[in-house]
Each structure stands twice: as C-alpha cells, then as structure tokens.
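Engineer: Sequence:
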Amino acid sequence: MQSTPEHFTRFKSMPVIVLAWLLLGPAWALETDRQQPLEVNADTTDGILGDGVTTLSGNVEIRQGSLMIRADRAEVDKADGKVRQIKLLGNKASLQQEIEQQGMVKAWAQVIEYQVSDGQVVLSGAARVEHPQYDVSGEKLRYDLDKQHFEGNGDASGSGRVHIRLDPEVASDANGESAENSDQPPPEPPSANDF
1 MQSTPEHFTR FKSMPVIVLA WLLLGPAWAL ETDRQQPLEV NADTTDGILG
51 DGVTTLSGNV EIRQGSLMIR ADRAEVDKAD GKVRQIKLLG NKASLQQEIE
101 QQGMVKAWAQ VIEYQVSDGQ VVLSGAARVE HPQYDVSGEK LRYDLDKQHF
151 EGNGDASGSG RVHIRLDPEV ASDANGESAE NSDQPPPEPP SANDF
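Read in order, the letters of the sequence shown correspond to residues 1 to 195 in the numbering used here.
Since the hints were made in silico from the structure, they are not lab data.
In this text, a Cβ means the ideal position worked out from N, Cα and C, and glycines have one as well.
Watch out, some of these pointers could steer you wrong.
Stated by the list, open to error - Using 25 Å as the maximum straight-line C-alpha spacing, the simulated BS3-like pairs for lysine-lysine come out as follows:
#, residue 1, residue 2
1, 78, 92
2, 92, 140
3, 92, 106
4, 147, 87
5, 140, 106
6, 106, 147
7, 147, 92
8, 147, 82
9, 87, 106
10, 140, 87
What the hints assert, rightly or not - Pair by pair, the computed Cβ-Cβ distance ranges are:
#, residue 1, residue 2, range
11, 48, 163, 39 to 47 Å
12, 124, 79, 32 to 40 Å
13, 82, 44, 42 to 50 Å
14, 161, 36, 31 to 39 Å
15, 118, 165, 22 to 30 Å
Generate coordinates for the entire structure from the input sequences, incorporating the hints supplied.
Structural biologist: Shown next, in the form of structure tokens:
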C-alpha cells in the first residue's frame, strides 16, 4: 500500500480561500460606501452619546452607502467620536452590499461583527455568504467587503466542513447567445441501454 506524499497532504489542508481566490479573482465593493455616514434605525436604543457601546434593539437597520445591515439587536462601539465596530445579534442577522459591476453580495449569520474602518466582517453561527458567482457557508466565516475575500471553517450540520458552490461559465454559441437562451431543447440524458 502506497502512502500519500507529504506535500499532497499539506496541499489538501490549505485554506479553501486560496482556491476560491484563484478561480474568482478580486471583486470590489463600491469605493464610496465606507466614506458615507452610517444611518441607524431601531425600535429602542440604550447608550451614551460619546465613546462607548450603544445597544440598539428591535428591527435594527443600518445603512452605509449600498451596505444594508439588519438584525434583532446591535451593539455599536464608538471610539474617538467614530463608529469602530458593529456587532449584530439575533435570528439571522443579515448584511448586503452592492459590488462594482457585479450585483449584490449578501451574508447571514447568528452573529455578525463588522469592523467599519477596514471593512472586515466575521460571521458566526450558521454563516452564509451569497455572491453573484458563488455561495459559501460554514460555522464561521471571515469576509473582506472591499476585496470580496473570504475564509471559513466548519458548518452548522456538524460535518466540520466549509461548503462552496461555484457557478460554471455559460458557453456561447456561434451567434454569441448563451446556451441557456437557445431555442433548442437540451439533449436527452442517456438511457440504461446506452451503456
């Protein structure tokens, strides 16, 4: 019985992100989003006007440019008069943001921690990111809103794995139309007699 060479074993354990980054390349969030003010709405608030943590409860909505965040509860941490971090809690906290020339990226988790200054997001508890070109889910995901870069581990089903779905490139016919839009029906699948 042959053993697997050590360099192949190490390759299998490399983070999933390396593969996704190579396949997808960088995609950028709208550059102006983080320069916009944070607009916050909630049913109730409890906190101080200066630096420190303010708690928002009930139908929390936070908007910053194309970035939209929703949660049952949020903790907004301010330092030096600026929002430093937002922690979202509740039944499937969500975040969505427009990506330059690609559409919307959406994310869900039980807890979302958003570092405002650098666009870093940590999603914990049944985390999922849905991008126009892929979906990724796991128990914990780290996500960079600017670079659309993610890394993750585990999943809520207990399999201890990250799941990624990548959409294939749609082939074009001679007229430049995608195969999806063709008027011809798809070929019949082979029958058992064909084998």
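Engineer: Using the Cβ atoms, figure out if residue 161 sits within 31 to 39 Å of residue 36.
Structural biologist: holds (37 Å)
Engineer: Are the Cα positions of residue 140 and residue 87 separated by 25 Å at most?
Structural biologist: holds (15 Å)
Engineer: Next pair to validate is residue 147 with residue 82; report whether the Cα-Cα distance is within 25 Å.
Structural biologist: holds (23 Å)
Engineer: Take a quick look at whether residue 78 and residue 92 sit within 25 Å of each other, Cα to Cα.
Structural biologist: holds (24 Å)
Engineer: Is the hinted pair residue 140 and residue 106 satisfied, with a Cα-Cα distance of at most 25 Å?
Structural biologist: Holds: residue 140 and residue 106 sit about 15 Å apart, inside 25 Å.
Engineer: Taking only the CA atoms, is the gap from residue 147 to residue 92 under or equal to 25 Å?
Structural biologist: holds (24 Å)
Engineer: Does residue 106 pair with residue 147 here, judged by a C-alpha cut-off of 25 Å?
Structural biologist: The given pair, whose Cα atoms are some 14 Å apart, holds under the 25 Å limit.
Engineer: Cβ-Cβ distance between residue 124 and residue 79: within 32 to 40 Å?
Structural biologist: violated (23 Å)
Engineer: Measuring from beta carbon to beta carbon, are residue 82 and residue 44 in 42 to 50 Å?
Structural biologist: Violated - the Cβ-Cβ distance for residue 82 and residue 44, about 23 Å, lies outside 42 to 50 Å.
Engineer: Please verify whether residue 147 and residue 87 have alpha carbons no more than 25 Å apart.
Structural biologist: Roughly 21 Å separates the two Cα atoms, so the pair holds.
Engineer: For the hint 22 to 30 Å, verify it against the beta carbon of residue 118 and that of residue 165.
Structural biologist: Holds - the Cβ-Cβ distance for residue 118 and residue 165, about 27 Å, lies within 22 to 30 Å.
Engineer: Regarding the pair residue 92 and residue 140, is the alpha-carbon distance no greater than 25 Å?
Structural biologist: Holds: residue 92 and residue 140 sit about 14 Å apart, inside 25 Å.
Hint compliance for this structure: hints 12 and 13 are broken, all remaining hints hold.
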